[in-house]
Amino acid sequence: MTLPLSLINAAKRIVVNSRERIPANKSNTEVCRLVEVGAVSGNSILLSRSELREIEKYFTSTLGQNLLTFEQSSNSRMDTARPGISEKSAKGGVFQQLISLAANVNIPLKNQPDVPKEARYVASVQLDDLDFPRFSRVLIIENGELMVRWKDVVLSLPDEWQSAVLVYRGHGKNQKDLPTLIECFDNNAVEVGFFYDYDPAGLDMVEQLSNAKHYWVVPALNLELFRSINKLDEFLKQLEQLDRLKSRDVSVSIREHLTFIEKNTLAITQEHLIKNQCQLVSCELS
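Be aware that the sequence shown starts at 16, since it is given in this note's numbering, and climbs by one per residue.
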């Protein structure tokens, strides 16, 4: 099947933003029609977390490479004349090698002025622009939508992490390079934390990226609140990831939260944690 690049970009945007309600425009509607997911509600399409993953799987399979790391680097029609990509839509991306950061502290850069703490925007820079020795703390954020609302996120964090630089985990090449970015922080004694969805999939990603020196931000245990914002259907769709994670040798902290999540069948998004002002706490990953 030949996929127009505009459709690929629409699918990537849907997956990266991870929104459960998206505009029912032509591109989004076609993506959902192809994958047979989503429910139309007025001028919007409603998507579950598992359906977002289905979109990623479908396009990854059709393209023959990971949707989130897909790059079209040439405008040549010859370069796009291969299965999975429409030659009529050849064009390159420009932001996939950039790292997105935001903070209420200065963001240290090399050979140029720092991003000032007064800035009200998300900064996008190249890896080599970061002055790693001058960082103190960074917090890796899973969902791009939270980066747009980063001020709300900062105010919800534990006190010790409110002065951290928030770093979006990325998509495309910058997501692929996330382990390298984390290694650079580690090599410069920068404290690294993670804030991901509180569900088996979120724990799985944190476990794969982290080491014993790292931290993660999780909700303080509040079962009454959890039950009011929980998505049982999402938990049930993550049982395979849950079983895989249970079979691995993981840190004590992850094991404890994994057991709690399984016992109470929890799947809670970052967005719901922030929106419902859930108290967040910091845990060591050792």
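The set of hints was computed from the structure by calculation and includes no laboratory data. Each hint should be verified, as a subset may be incorrect.
Said to hold, decoys possible - Simulated restraints, written as ranges between beta carbons of each label pair: (1) Leu238 - Asn32: 26 to 32 Å; (2) Gln127 - Asn237: 41 to 47 Å; (3) Asn202 - Lys132: 23 to 29 Å; (4) Ala39 - Val163: 29 to 35 Å; (5) Ala134 - Leu251: 39 to 45 Å; (6) Pro123 - Lys278: 24 to 30 Å.
Here a beta-carbon is modelled for each residue, glycine too, at the ideal position from N, C-alpha and C.
Hint check:
Restraint check, Leu238 to Asn32: a C-beta distance of roughly 30 Å satisfies the suggested window 26 to 32 Å. Distance hint check for Gln127 and Asn237: the Cβ-Cβ separation is about 44 Å, which falls inside the suggested range of 41 to 47 Å. A hinted range of 23 to 29 Å for the beta carbons of Asn202 and Lys132 is consistent with their spacing of about 25 Å. Look at Ala39 against Val163: about 21 Å separates their beta carbons, and that is not inside 29 to 35 Å.
Here the CB-CB span from Ala134 to Leu251 is close to 42 Å, well matched to the stated 39 to 45 Å. A hinted range of 24 to 30 Å for the beta carbons of Pro123 and Lys278 is inconsistent with their spacing of about 42 Å.
The structure fails hints 4 and 6 (numbered hints given earlier, in ascending order).
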